[in-house]
Each structure stands twice: as structure tokens, then as C-alpha cells.
Amino acid sequence: MLSIENLRVVYHDVISVLNGISLTLNEKEILIIIGANGAGKTTLLRSVAGMIDFYDGSIIDGDIKMNGASIKGLDATDIMKRFGLTYVIEDRPVFWYLTIEENLGAASFSRWDKQVKADIEGIYSLFPVLEKLRHRKAGYASGGEQQMLAIGMALMTRPKILLLDEPSLGLAPLITEELFSTIEGLNQSGITIVLVEQNAHAALDIGTRGYVMETGRIVLDGSSRELLENEDVREFYLGSGKRERKSYKDAKRYKRRKRWL
Amino acid sequence: MVDFTQALGAGTLVGLVYALLGLSIVIIYRASEAFNFAIGEFLVIGSFLFYIFFFDLRIPLLVALPLGLLAAGLVGALVERFAIKPLLGRSPLSMTIITLGLGFFLRGCVQLIFGSHSYSFFLELPDITQEFGDLLFLSDPIWAGILSLSTFGLILFLLFRTRWGLAIRATSENQAKAMAFGIDARFILLIVWAISSACIAVAGIMISNFGALSSMSSIVGLRAIPVVLIGGMDSIVGALVGGIIVGVCESLAGAYIEPMGLVGFKEVAPYLLLLIVLLIRPYGLFGQIRIERV
Amino acid sequence: MKQRAFFVLVCVLSLFLLFSGPLSAKEIKTLSQFPMSGPVGSLPEFGWGFIDGMNWVNNEGGGVNGKKIKWFLEDFRYDPTVEVATFNKYCAEHTPDEFLMATGYITGGLKPLIDKVNKEEKIPWLDGSYSTEIFGDDGGPSKYPYYYSLGATYGAQLKILLKWIKENDKGKGNPKVALVYSPTAWGRDGIPEAKAYAKKKGIDIVAEIEYPYSATSATSECMEIRKAKAQYVIYHGYSGASGCTAIFFKTAKQVLKDVQLTGTHYTTGRMPILVCQDAYDGYVGVATRPFVDAVPRAKTPMDNPMVKMAHEFAKKNRSSEYQKGIQEKDAIKDMFLYMEGLTYALMLQKVLTDADKAGDLSREGVKKALDKMVWDFNGMFGGKKFSYKSHTIPMLQIFKAKVNMVDVEGKKVPTGAVVPITDWINVDEVKW
Ligand SMILES: Nc1ncnc2c1ncn2[C@@H]1O[C@H](COP(=O)(O)OP(=O)(O)O)[C@@H](O)[C@H]1O
Ligand SMILES: [Mg+2]
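Residue numbers (the numbering used here), protein chains in the order written: chain U, 1 to 261; chain L, 262 to 555; chain V, 556 to 987.
Some hints here could point you the wrong way.
[As the list claims (entries may be wrong)] From chain L, some residues computed to sit far from chain V (all C-beta separations above 10 angstroms):
1. V278
2. L326
3. L328
4. L363
5. C370
6. Y380
7. I389
8. I407
9. I468
10. P520
11. G525
[Unchecked claim] The following label-pair restraints were derived from C-beta to C-beta distances:
12. L/L335 x U/A118: 31 to 41 angstroms
13. L/L335 x V/G880: 21 to 31 angstroms
14. V/N610 x L/E392: 50 to 60 angstroms
No wet-lab data here; the hints were simulated from the structure.
Bear in mind that the values here come from a model prediction, so they are computed numbers and not experimental data.
From the three backbone atoms N, C-alpha and C, an ideal C-beta is built for every residue, glycine too.
If we strip away everything but chain U, and leave its shape as in the complex, we get (with noise of 0.2 angstroms):
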């Protein structure tokens, strides 16, 4: 449902992140996203969610399409109201000074049915400790709380398509595990879902497909079973490779040597 032509993204006119990205998203996946810190899978996010203007970037190159039409261009909430595309942006982004009820009522802004109370039971229902907390302010929450509220507060946008940028970040292992079997949840809901993550294991055993970025790059694609089987990825995403190391040292002049592509 969605593909991406050869996108190339800059900052500031000047910092070239994205160098010719393509991919394509189908409908009812979870489509992995991994790659080391500064890969550019959030840029990606942006560029898609149509959010990559207010970062002071912008798409020099390539095209981003919705069922063959491009929403190059096109204002966030627009790509919300039209495609149901919702981008939970990194760090829990839910609103600090706000009670988790708020948060959850703010989150349903562009919404005007009559169903957003009902919704927000629902929310409620899905994660029942936010329902505890419903009147404590955000910030004092714990970071899986938080991580909840923001996957409740993304439900509560009524999302087709949720882009999940490294929900996981902080967590402890425990939550996490709890935490992505609810997106498996979302998604046999019938939410297509896009997860960028640093925790490769546990994203790409709940995946459908998987890419690996480096510096702006797709670098390796397939389905998640080809992605943990391949040698490098164990390797460097999932610290399991077969070549033993002697040292520290001895595993970066391997890795500086044998660069992707």
C-alpha cells in the first residue's frame, strides 16, 4: 500500500541523511526497520508521516506513494485524516504536563465522532493500569506506562497504518516483551504496522518482512525468518555470530573491514 521511490532527504539544505532509500509496505505486515544509531530510520518516519519539514529537512529526491499516489508534500495531518497514518514519534512522546486522560482526549483532537469516550474505555481496557493513573500527570509515569500511553494514544487517532519508532527504548526486557505482543495484537487487529528498532530479536520475531539501514541506505532486505538467519545481522544486530572474537578490539577492524555493500 505504501512504496518509496529512491527518497533522498536533507537537513538544513546540507546534511544529506537519506541516499536514495526504496521500499514498499504491504497491507496487514510488520514491516521491521533496523540499523545502528544515526541510520536514518527515524528520517524515514518523518519524511513518510509528512513531518519532515518542521525538522527543517526536506525530500530532494524520489517519491513516497499511498496506493499509487504520491503524499510527497502533503501536511501531517492530512496524511492522518486521509491515509490513517499515524507516526508515534521516538522518546514516548506523550505529553508530560497533561493527565493520562488528557493525553488520550488531546490524541483525539482530529477526531469529531461521538465515539472518542467510548474509545478511550477502550484504551483503558487494553492497558488497564492506565486507567489507574488516568488523572496523574504523564510525566509521572513509569517509561512502559508511558510507552502504553503513547500506543493508546496512537489507537485513539483510529490508525490504519502505525509507524513505531524504538518503542522498546528504556525498557526492560520484561516490558518489551509485553510491549510488542500487544503490536502483535494491533496488527492481527488489521493495523499495518511499521516498527523501526534497535531490538532486533524481538522485533523481527514478531515481523513480516525486515530492511536494514546503514547511513541513509537500504543494505539488506527480506523476510524476517531470511533476516535472522543471515550471517551479518546476527553478527552486528544480534550479537550472535558464529566467527568467535578474540577481543573488543578485534571486532571493530573486522566490522570497519567488512562494510555493507
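Once you have looked at the hints, place chains L and V with the ligands on chain U.
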């Protein structure tokens, strides 16, 4: 004691007008972290727009006031669109600097259109002067207090009891987050500038009614600076308290300190107080305690 | 022989050119500076009055015994530094035998020029300043021999008011007076003289208040005056058109019901009638000029020849500006300003003509003419003559404001004037 009550009461009434000025700075500061230095010009323009409706076109007050405020809001929105929006996402400092330049530009426009002489300004509101013994509270300041407080209340209601208010508060906290959740942060910012501009106009109309209106009235806008610095740049309660403090401080200085021979002390008193407050609480009395990342 | 004749011819011709050139080209030059625009306010009326006046002087007015004045007009934008710089520029560009007189408008420009004008250039300088510091007892001709003011000092104005209060007070005991003035150089000017004089005359100054231009309220000031039981307020150092004046009068009307408000030149006139409306009714003030602009303008009394002349000039030369409403662009908002510009023009003509008649059309000659001048200024002061020996035009009159609110198409508008309640007073001749 009578003197004290008199000074306190009169100071509070004017202080409520200052509070409204403070509020209009605070809501813009919260939304974009910029300080609106063009506040004086907004005040003059807003008052003149009302002037046109009420005095020139002679529309009844109850219609002219909303019309004037609407027009003032529109000007605020226009200014945001053409001067502030292009800077969205840039540093708040550049926005603040733009407001400084904007101030000069708007002052020029006002002088060009309205000249620099004074326009008489008599709202002729019903006389509600209160006199008890030696205490005397004049009608116009009482009206100013009432109207400013009502406007203040209305803004609070808007911010804390309506969905638009929620969107404003969300956007004020973080534009990127708001945008990601489908709140059109740019439009919200426009609304905030419009509301701020309308609030400034209310204050301007009240103060013009004390005397007269001219392009020079813009200096009154500068009162907002000690108000928000004392109260806290990002605090709505702070604006209210800061406004009253500045009003009372001026009036007490006028009643007690100036007669001791320190003529002109009234002007500096709020700034002295400001200095003390900032020494004790650098973010102002009600500057928000930042939630640290968990 | 032929050659020799030719040589003589060339010599004679060149000599003739050498001497007759500058002789016939010697001009009478003056420089006038007014605040016609600028951040504080745009008062183009000054310039208009002056331009119309000078054009008349050079044509119908007969110039300086037939010679035309080459006059320069500059807008100093209410900025003393500009006033000073422009003057310096003209001094550099024009020779002292041609550039005979300069006029200025504010004290701020006079002070930095004290040495330049009085010691170096020695050029007669006419100014609009009423500064007591420069033209009062501690300054004056002995100290600043080339400075001349076009009106009595603020000190004299305040003293005349105090004198009037003392003479007209019907209560027992010393009259109680509150002084309200602006925290500006001109607001503070004259206050020490006034206080000393009050003491001498047995008047109690019961309150002294600096009320700023940026005031948003006059409640505490008025309450203080009320508490001090003042019977009179002298309001000094403000433009009558400013917002703070309106605030003060509106508040005083309610808080100080039985107190007589009085004031100095710039609060005695047309603008307060428009801006303060009926709060201005009953005000008593001194002014250095006859009242020139009633509300509405058509009701202005025309028995003063100078007032009449100003209106005729404005009607003839600036008919659209004259007829425009006060709130329209480029209207003559206050005829006082226009008449003041005209006043400067007539003064230039008078003094240059006097100097020319005395056969000394130089800076020194002009100074002598000024010092010797005895003039009625076209009947401006009710036919009274004044001499310039104090270097100020020492004439003052006390006026009382009469304001009526009338219904015009369902809207209440003020009408009124300030009317004289004394004859013209020559402060040089007053027995203080
Ligand atoms: N607003 C911005 N302005 C300039 N450079 C940016 C901006 N945002 C990100 N970058 C740079 O772009 C590169 C890619 O960043 P990002 O997309 O956040 O990567 P990732 O999410 O994969 O860690 C980084 O080098 C980062 O410093
Ligand atoms: Mg990232």
C-alpha cells in the same frame, strides 16, 4: 489603615489589567517559547480597532466589543502567519527577535494610519463608583478589574475545559508530539496568537478608557515584563499573581514611598521587587517545576 | 598702445569680477529646525506655518527691505542630536556673514550648543524652549548672550499661577497647592523657583508628585492630593494631548471635585478639550500665546490680529488640511502649532529688517536689533509691546477652560475654548 486599603484596592484593580497582559505573554511563551515584545503595538492596534467600531461606526458597546476583539484576534493571526510561522521549528530566540522588529514595523504602521495624536476615549460605562468613608474606588478602574478578570476566567475555561484548550496545551508542551497525534500545531499556534492579541486588546481598551488612546499608549505594554518575570514566564497563575503584585506595588509605592520624598519611585518599584524575586526564585514565583525524564 | 588698453581692460574686468561677484551674491541666510516628524509625534503644522509664513515674508511681506531671505527648514525629528548636527553642518557650509540666524525648538538642543553658539559662532539663536535653567535668573543674557526664547520661562509661568492663586484664594489661611509634574527635564524645570516663590508668598506646597508619561492610573496620585487637602493642583510638564493628561483629568474630576486644576502652557489649549472633554472644564492655565483654536474651529474668536492672520494663512495655503477632521491624516490638528511656525517667520523678518535699517546686516547687527527690539508682535498680545531685554518674550495670559458636551447625531462631543481671565501680563514688569 484606610490608606493601605485604598492603595491595595486601587492597585489590585489596575493589577488585574496587568495580569491580562501577563497572560497574553504567557500563553505565547508556552506555545512557542518566544517573548512577544510587540505587545505594546498589539495593545494599540487592538484598542484602535475597537475604537473604529465603537466610536467611529457607533456600534453599541455589546456588539462593538466582540467585533473589536475579533478584529484584534485576526490581526494577531495575520501577524503569526506572516511573521512567526515561517520561523516554526527554529529557535525561540529568533522568534523573539522577530517580535522586536515587528514592534517597530507595527508602530510605523500605526503612526501612518492613526497619526500620533491622542484620541478621546470615553466608554461611558454605568457609574459604579464605590465610596465608603475615606475609601474611594472609581468606576472605570472597577470596570477594568471586572472585565479583565472575566476575560482571564474565560481564557482559563477555554484552556482547561474545552478540546481546543487541550490541543493548545498539548501543542504548547511539544509541537512535534502534537503534530504526530493529528493536532495541527501550526493552526493552534495561530489560534494562540489570536487569543493573545484579543486579550491584549481588552487590556488596551480598559487602559485607554482611563485616559485616552494614542500610538504612545504602547509603553503600557511593557508593564507585562515585570508581571511575567515576577510570576514566572510559563505560569498562568503567575501572570495573575504577578499582575496584582505589580499593580499593588506601584500603588503602595505611590502612596507611601513617594510622599517620603522619593519622587518617581513608583516607576522603579516593580523592577526592584522583580530583582528580589529573581534572586530568590530565578524562574519567578510560579515558574513551573520541570518534570525530569524518568 | 592697443595692447596696453587691452591689459587695462582685463585688469579692470577681473577686479570688477573679483569684488562685485561676492557683493551682489551676498545672501541673507537663516536656518530653522522643527520637530515635524519622529517617534514622539509628528507635528508637520510647525513646518507648514513656517513655510507659509516665509513665503509671505519674501513676497507680499516685502522681505528684508526688499531683499529676500534664503531660509532653510529642517526636520530634526524631536532628536536633539539631529538638531545639533544639522546646525553644525550649516555652520560649516555657510559663511558667518551670510548665515545670520538660527532657530531651534527644544532645551535638549540648546544645552550641547551653549559654547558653539555663544562663544564660537556668536550667532543669534531663537528657540521655542521655555527653560528656566537657560532663560531664567540663573541663566539669561549675561550667561548665554546669543540665546533668545520665544516665550516666558516655565519658572515665570508657575510663579504667575501661584500669584494668581494667592490673589484669588477666598479661603482663610495659606492656600494649599499640589505640584504635579512629569519626570522629564521640562517637567522638573521651574519647580525649584516655584517652590521658593510659594514660600515667599505664603502658599503651602502640600504635595509634590512626579507623575510619569507612562502612567496607567492616577488614582493614587489623586488620593494623595486629596489626603493632603490641596485646594489647587498645578499640572506641569505634559503635552495636553497625551494619554496621561487625560487619565489625570478624568480621575481628578471624580476624586478632586473641589480642587482647582491649573497648569502651564502646553496643557492650556485645544487638545485637552478634545481628549479630556468635560473633565477639562474649569481648568485655569497660563499660556504664552493667545488661544487660537476653539472646538469647533469655526468658533475661534478672531479679535486678535495674529490669530486672525494664522487662520487666514492656513485657509488660503492649506485649505484641505485646515478643513480636515482632527482624526484625518495630514490635518491641521492644532492651529497653535501652525501659528507658532508663522510666529518664527515673522520674528525673522522683523529682526533682520531692524538690523538692515540700522545698517548692520550681520550676526552682531541682528543681536543688537534683538536686544533693542520693542514690538507688539502684530498685536499678538492685545496691542501690548514687549522688549527683548530678558531674551524671552515675557508675555503671559491666564485662561480658563469652558467645555460643553453637546449632542451631535446622538453622539456626545465636546465644544469649547479657553478664554482669558486676565489681561496680558509682562513678567519682566511684574512686582513679584
Ligand atoms: N533535525 C535534524 N537536523 C539535522 N540533522 C539531523 C536532524 N535530525 C537528525 N539528524 C541527523 O541525521 C542523521 C540520521 O538521524 P536519524 O534519522 O535520527 O537516525 P536514526 O533514527 O536511525 O538513529 C543523524 O546523523 C542525525 O544527526
Ligand atoms: Mg531514531
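Verification of the supplied hints:
no. : hint                                : verdict
1   : V278                                : violated, 7 angstroms
2   : L326                                : holds, 18 angstroms
3   : L328                                : holds, 18 angstroms
4   : L363                                : holds, 16 angstroms
5   : C370                                : holds, 13 angstroms
6   : Y380                                : violated, 7 angstroms
7   : I389                                : holds, 12 angstroms
8   : I407                                : holds, 16 angstroms
9   : I468                                : violated, 5 angstroms
10  : P520                                : violated, 6 angstroms
11  : G525                                : violated, 4 angstroms
12  : L/L335 x U/A118: 31 to 41 angstroms : holds, 37 angstroms
13  : L/L335 x V/G880: 21 to 31 angstroms : holds, 26 angstroms
14  : V/N610 x L/E392: 50 to 60 angstroms : holds, 58 angstroms
Hint check: violations occur at hints 1, 6, 9, 10 and 11; the rest are consistent with the structure.
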